[in-house]
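**Q** What follows is each chain in one-letter form.
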Amino acid sequence: MRERDADIVIIGSGAGGGTVARELAPLCAQGVRIVALEAGPKLRPEEFTGREVEMARRLYSEEGGFLTEDRSMSIAFGRAYGGSTVVYTGTSLTITEPTVKRWGVAGLEHADLLARSRKYLAQNRVHLLPDDDINDNNRLFEQGCRRLGYRVEQFPLNLDGCRGAGLCNLGCPNGAKMGTHRVQLPEAERQGVTVVTNCQVDRIEERAVVATVGKAAVGEPSAWEPGEHRVRAKAVVVAGGAIGSPALLLRSPISQGLPALGRYFTCHPALILVAQHDAPITNYHGHPKSFYCDHFADSEGFLLETCMYFPFTTAKSLTGFGVEHARMMLAMDRLQMILVLAIDPPDAGNRVMLGTDGQPVVRYRFTDGVRRSLVQAMRASARIFFAAGAARVHAPAARQFFIEASDAGRIDELIPFDGLTLGTVTISSAHPMGGCRMGTGPADSVTDAWGRVHGVPWLFVADGSLFPRCAEINPYVTIMALADRVAERVRTEWPHLKASRS
Amino acid sequence: MLLAIAPRITPRSEPMTPAAADALLALVDGTLASRTPAMRRQFGVFLLVLRWLPCLRYLRPLDRLDGARQDAALRWFQGHPLQIIRGGFWGVRTLLLLGHYGQPAVGASIGYTPSTDGNAVLHARARR
Chain A
1 MRERDADIVI IGSGAGGGTV ARELAPLCAQ GVRIVALEAG PKLRPEEFTG
51 REVEMARRLY SEEGGFLTED RSMSIAFGRA YGGSTVVYTG TSLTITEPTV
101 KRWGVAGLEH ADLLARSRKY LAQNRVHLLP DDDINDNNRL FEQGCRRLGY
151 RVEQFPLNLD GCRGAGLCNL GCPNGAKMGT HRVQLPEAER QGVTVVTNCQ
201 VDRIEERAVV ATVGKAAVGE PSAWEPGEHR VRAKAVVVAG GAIGSPALLL
251 RSPISQGLPA LGRYFTCHPA LILVAQHDAP ITNYHGHPKS FYCDHFADSE
301 GFLLETCMYF PFTTAKSLTG FGVEHARMML AMDRLQMILV LAIDPPDAGN
351 RVMLGTDGQP VVRYRFTDGV RRSLVQAMRA SARIFFAAGA ARVHAPAARQ
401 FFIEASDAGR IDELIPFDGL TLGTVTISSA HPMGGCRMGT GPADSVTDAW
451 GRVHGVPWLF VADGSLFPRC AEINPYVTIM ALADRVAERV RTEWPHLKAS
501 RS
Chain B
1 MLLAIAPRIT PRSEPMTPAA ADALLALVDG TLASRTPAMR RQFGVFLLVL
51 RWLPCLRYLR PLDRLDGARQ DAALRWFQGH PLQIIRGGFW GVRTLLLLGH
101 YGQPAVGASI GYTPSTDGNA VLHARARR
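The listed protein sequences derive, respectively, from chains A and B. Counting in my numbering, the first sequence runs from 1 upward without gaps. Counting in my numbering, the second sequence runs from 1 upward without gaps.
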């Protein structure tokens with residue numbers, strides 16, 4: 001095992017780790033040695049091919065199909081230089097005040113999060129798309145919502161030079177998405193932070209990290225040679241995401257005395273609804289996600305977003321198989337899509353655990369409330385599709401494969417509550433949250449309001465695992481705002497952290 | 001076994017060519033290779049269940065049934081009261097969909113032809 005010395009080790013390079021790296025980078029000028037360890041590769045520009053399966057293998061953990069313990073849901077999260085910010089659509093919303101109040105973390109104020117969020121909206125060049133860059137798939141959603149009187153808003157997006165490839169979730173082939181791989185990490189490296197790719201952290205020891213650098217088939221070579229490395233450090237910031245961070249801490253001796261570790265996992269369980277129009281529409285050309293509807297967030301516990309997926313993801317999202325399924329797939333250029341997301345409650349039983357092989361296992365139970373929200377969301381989506389002129393709709397929990405426009409008046413009957421059968425309907429998530437939640441003490445939380453792990457002064461968490469409840473919006477801006485707080489705390493306490501090394 | 005039921009999951013107008021079958025299996029194998037040994041074992045066991053359980057009703061394994069009976073058996077698996085059976089079928093179905101729709105050439109055949117300059121296409125269509 002190769003022994004190494006650093007001052008600060010950051011684990012992960014996504015919205016959390018990338019932000020911390022950027023914010024701590026000025027310390028490098030004072031001689032502070034900072035390394036960021038990233039499990040995934042740093043792809044070369046030409047390696048962003050836009051091919052679905054190829055890019056899923058290059059950029060996601062388990063190709064985006066990480067399954068929960070009972071196989072009822074798959075969870076997608078990135079594994080690359082830039083983490084999930086490489087594969088999101090760039091939707092940049094700020095957390096609301098009622099949500100922060102629901103979080104109920106002493107010392108965490110909405111005004112503070114908002115100010116920090118705005119800093120990242122500016123840094124990531126967030127703006128609204130011009131009208132002529134919005135395709136039919138998005139425009140029809142907006143029209144349908146307005147006709148029904150549903151509140152609908154345009155997504156602010158963190159794009160620079162977007163050419164509408166529509167491949168955001170496969171990594172932008174034009175490099176137009178302003179994730180940490182494009183903004184924070186290059187600047188951190190310029191100031192002296194070392195980013196080590198293909199580096200999987202195995203465990204955290206007392207002021208040290210044990211990691212393995214592997215050989216990758218794609219991307220730039222890692223900064224470190226393949227093999228096992230033990231890195232001594234004065235401070236460690238864990239930002240491996242809401243599945244990776246709890247799992248890493250559970251593998252480490254430090255998990256003793258943290259009964260809430262891994263618990264209160266939430267993820268905005270999601271379904272994709274697909275409608276077919278009689279004539280071709282513009283759907284996969286142009287940015288895929290321009291509008292959202294939060295009209296039912298408070299009353300029914302769900303959000304609706306526009307989306308447009310690729311052939312395999314679309315096929316997987318349809319329920320069933322055979323002739324009807326194939327017929328729907330033959331009409332890719334006539335499909336309109338809506339992503340529905342449930343606002344799921346925090347439940348101590350929903351948790352990240354370790355399997356016998358030390359790898360993460362997610363146990364997730366769908367509450368009756370979440371099931372109800374998903375069904376109501378499907379009904380609302382079907383109404384939006386028909387209000388927008390769709391000929392037929394496929395709702396994953398419907399009694400029949402297609403709901404024809406002539407049956408638009410029977411939506412509640414055709415999408416029954418008992419139609420949502422786990423294991424039959426494809427449910428996915430791209431917003432894993434919680435597992436290292438903030439709070440006041442170790443009984444029901446893992447860190448304080450500044451991301452410091454209870455009882456371990458040199459160990460911090462800075463990612464979506466900090467969320468005590470779900471974000472109720474796309475979470476990346478909030479993750480950056482929280483990571484910004486964590487970086488501030490590390491910076492402020494650096495003289496003490498530096499001096500207290502054992 | 002996978003190739004035997006592939007035409008029921010993703011029907012085609014013509015029989016699957018050897019090249020298409022190879023491409024399908026290569027994608028499936030690639031995905032299975034990224035999963036844990038335990039998950040690969042479970043998948044293997046489920047394929048055995050999928051093949052032989054229909055014998056209880058049809059006195060023949062799944063791959064020896066005609067198309068209509070294969071469809072009926074697969075729908076029985078899909079809606080089975082036990083989540084573990086439904087989930088197993090979901091996994092097989094998903095892999096077969098991956099093996100078919102994951103092939104870049106299939107995209108074009110279903111009207112999916114993305115462009116790195118999608119906005120140019122969008123704007124051109126708006127002008128028409």
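A couple of the hints might just be wrong.
[Claimed, not checked] Some but not every residue of chain B turned toward chain A, in silico, with C-beta under 7 angstroms:
hint, residue
1, R57
2, Q83
3, G102
[Said to hold, decoys possible] Covered stretches of chain B, going by a simulated chain A footprint (3 or more residues, C-beta under 8 angstroms):
hint, region
4, 13 to 26
5, 47 to 53
6, 63 to 71
7, 103 to 110
Hint data in this document are derived by calculation from the structure and do not stem from the laboratory. Predicted model only: the values in this text are computed from it and were never measured. Glycine residues also receive a C-beta, built at the ideal position from the N, C-alpha and C atoms.
**Q** All hints, please: hold or fail.
**A** Here's how the hints hold up against the structure:
1. A cut of 7 angstroms between beta carbons decides the hint on R57/B: the least distance to chain A is about 19 angstroms, and the hint is violated.
2. Nearest Cβ of chain A to the Cβ of Q83/B: about 4 angstroms, under the 7 angstroms cut. The hint holds.
3. Because the smallest distance between the Cβ of G102/B and any Cβ of chain A comes to about 4 angstroms, under 7 angstroms, the interface hint for this residue holds.
4. Check result for the region 13 to 26 of chain B against chain A: violated, 0 residues qualifying (beta carbon to beta carbon below 8 angstroms, three or more required).
5. Interface restraint, the region 47 to 53 of chain B with chain A: violated (0 residues with C-beta to C-beta distance below 8 angstroms; minimum three).
6. Only residues whose beta carbon comes within less than 8 angstroms of a beta carbon in chain A count, and the region 63 to 71 of chain B has 1; fewer than three means the coverage is violated.
7. With 4 residues carrying a beta carbon less than 8 angstroms from a beta carbon of chain A, the region 103 to 110 of chain B meets the three-residue requirement, and the given coverage holds.
Consistency note: the structure conflicts with the earlier hints numbered 1, 4, 5 and 6.
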